[in-house]
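Below, each chain spelled out in residue letters.
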Amino acid sequence: MVDFSLTGEQASLRDMARKFARTEMAPHAAECDRTNRFPEEIYRKAWELGLMNLNVPTEYGGTGLSLFDQCLIVEELGRACAGMTTSIIANCLALEPIILGGTEEQKTRLLGSFCASYNLASFCLTEPSGGSDAGSLKTRARRDGDHYVLDGEKCFITNAPFASLYTVFATLDPSLRHKGIVAFAVPRDTEGVTPGKEEEKMGHRASATSTVRFEGARVPVANRLGKEDEGFSVAMRTLDQTRTPIGALATGIAQAALDHAAEYSQRRVTFGKPISEHQAIQIKLADMAQALNAARLLTWQAAWTIDQGERGSLESSMAKCFASDAAMMVADEAIQVFGGYGYMKEYPVEKLLRDAKLTQIYEGSNEIQRIVIARELLQRLS
Amino acid sequence: MEIAVLVKPVPDAETRLRPDASGQELDPEGVKWVAAGYDESAIEQALLLRESAPGTTVRAFSYGPIARAEEVLRSAIALGCDAATSVEAPPGTPPDGLAVARALGLAVARHPASLVLCGKQAGDDESGIVGPAVAELLGLPDFGVAVNVRWEGGIERLSIQRSVEGGLEGVRVTLPALVSLQQAWNDPRTAKLPNILKSRKAPIERIPVADVAAAIAPSASLLARRVAFRLPPPRTGAKMIEYSSPDDAAQKLVRILREEAKVFP
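Chains V and Z are the protein sequences, given in the same order. Going by this note's numbering, the final residue of the first sequence carries number 580, and the count climbs one at a time with no gaps. Going by this note's numbering, the final residue of the second sequence carries number 1233, and the count climbs one at a time with no gaps.
There could be a bad hint or two in this list.
[As the list claims (entries may be wrong)] With a Cα cut of at most 27 Å, we get these calculated DSSO-like pairs of lysine-lysine:
hint, chain 1, residue 1, chain 2, residue 2
1, V, Lys217, Z, Lys1160
2, V, Lys471, Z, Lys1160
3, Z, Lys1207, V, Lys217
4, Z, Lys1000, V, Lys217
5, V, Lys555, V, Lys399
6, V, Lys217, V, Lys555
7, Z, Lys1169, V, Lys243
8, V, Lys395, V, Lys336
9, V, Lys243, Z, Lys1207
10, V, Lys425, V, Lys377
11, V, Lys543, V, Lys217
12, Z, Lys1160, V, Lys305
Source of the hints: derived by calculation from the structure; they are not laboratory data.
In isolation and in its complexed conformation, chain V is listed as follows:
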């Protein structure tokens, strides 16, 4: 039967992540947000404790956690700082194409280095002219002997300025659309590979984001992930795996917003009593708690489905889309509960709204998620 309780192992993973989030991340969240600082010392510590590369199988030196267990951890990290969490889990996204599309030799060679020492990788799919419409990407790959030559530009790439490896999607021939897309693992020190300057973002400011330019970058054929026509499939299957943790991250943001709002509502007195005793506030808290709980349950269900070996496109899209919308709603209402103070940067809730916004956009915008949901739904009906 359905059982929502965690095992002892899961509870201890969650508690460990919670402790790290509270003691190492939360104290620096406001400062990094204010100064746009990339706190590499925190990421290094996360790596030391095994909180990075959660999806890398044990045979390549990773922890090989189930997606469900990954989600438990990501929610706890997300509660403390969404931006730091994005940077901590970016390796999972960047390494997933190697896990899914790589040969044994590639997995041993490429994944091993991330588990043996602190290194960052970036997933390079989105381009200045589009992200959602991945089939029409413009970065070109041209075969030249035992190399491919890459030319083009990727943008909004998480951790790009600090990464040592990029997983890059490029097309052999744009007219082939999806069929022309190839995936590559490209070391940062390849000649002709240049990360751009760090972007100034609305939220997730502890995470670094930049463009990456490829100008005649020569990548050995040995670094092609999958066959020449498999790149698009690798990208989509990667996102099927990594979308659900974004639901968990958004759930963490929502949990943080509810925590702050509920706590503040019991301290703040108006009309002679704590505002938590006013029905107007109680109704808000109830709606926030419902959205939060539903977000978590959809995330858990999606993770469980994928852990059963199913692709879980429908479930993971629902989890990511619903949880990120819930995070926006709950963060918005938390600001309302705080009133004027909530709008001030001195208080923690306005950051949550700015951080929540990105979860509706990245790793497949919520509009794309809804298209996926509808398509899957209609397919099952027909």
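Assemble the complex: chain V is given as a structure, and chain Z must be docked to it using the hints.
Quick look at chain Z alone, frame taken from chain V:
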């Protein structure tokens, strides 16, 4: 070289405590059990000593209801302890330090160690009996309130810094000995994720409950029984001060302290 560490399960600081139906005990429902804070310092100290003396093994011991004891032992293993022994509390045994010491003393005696480490007291009852009592039962010298412990020219002797009134006291000790820790001079480490996973599957030795009961029996008539377990009365009288500026707040606070609370004339 063997080091024994004694670890007590206590309710997590965030647990909402409430008495059970009898009014004599904590209601264990929903309580998360964690290693007592000073015991975490003892674990950290044991691991640091092991790191500077290759070949040393650290075994953690915990007394209590079996699930509770094993939960904190798993966290000790996740932190790096090599082995663990759980000492099951015989049902109905009063929560008395001497009973715990007799039980743990039995277990430690089965795994002879040159050094026994524990916290100076546990964060729940704060009684501070178990360490000295185990030392007495095992015939070991006892050094309390240590803040730093190092090898002194080999693994036969220790140099101990103790926290004493107004400063620190340095002591040199020839082993065997029992040392109880205050806050370690460096923070207890965080368990690494792969070690947490391994700790869940690690074997934990169990001392049979009949043996434990027999060890406690000689002190049975001496044990303190808990008469009641109550929460402190809810605090009242908090007063929020409305103010327009920090100066205004300070003036109002001083006026209240002087005229209403009469803290100073």
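Violations among the numbered hints, reported as their numbers in ascending order: 2, 3 and 9
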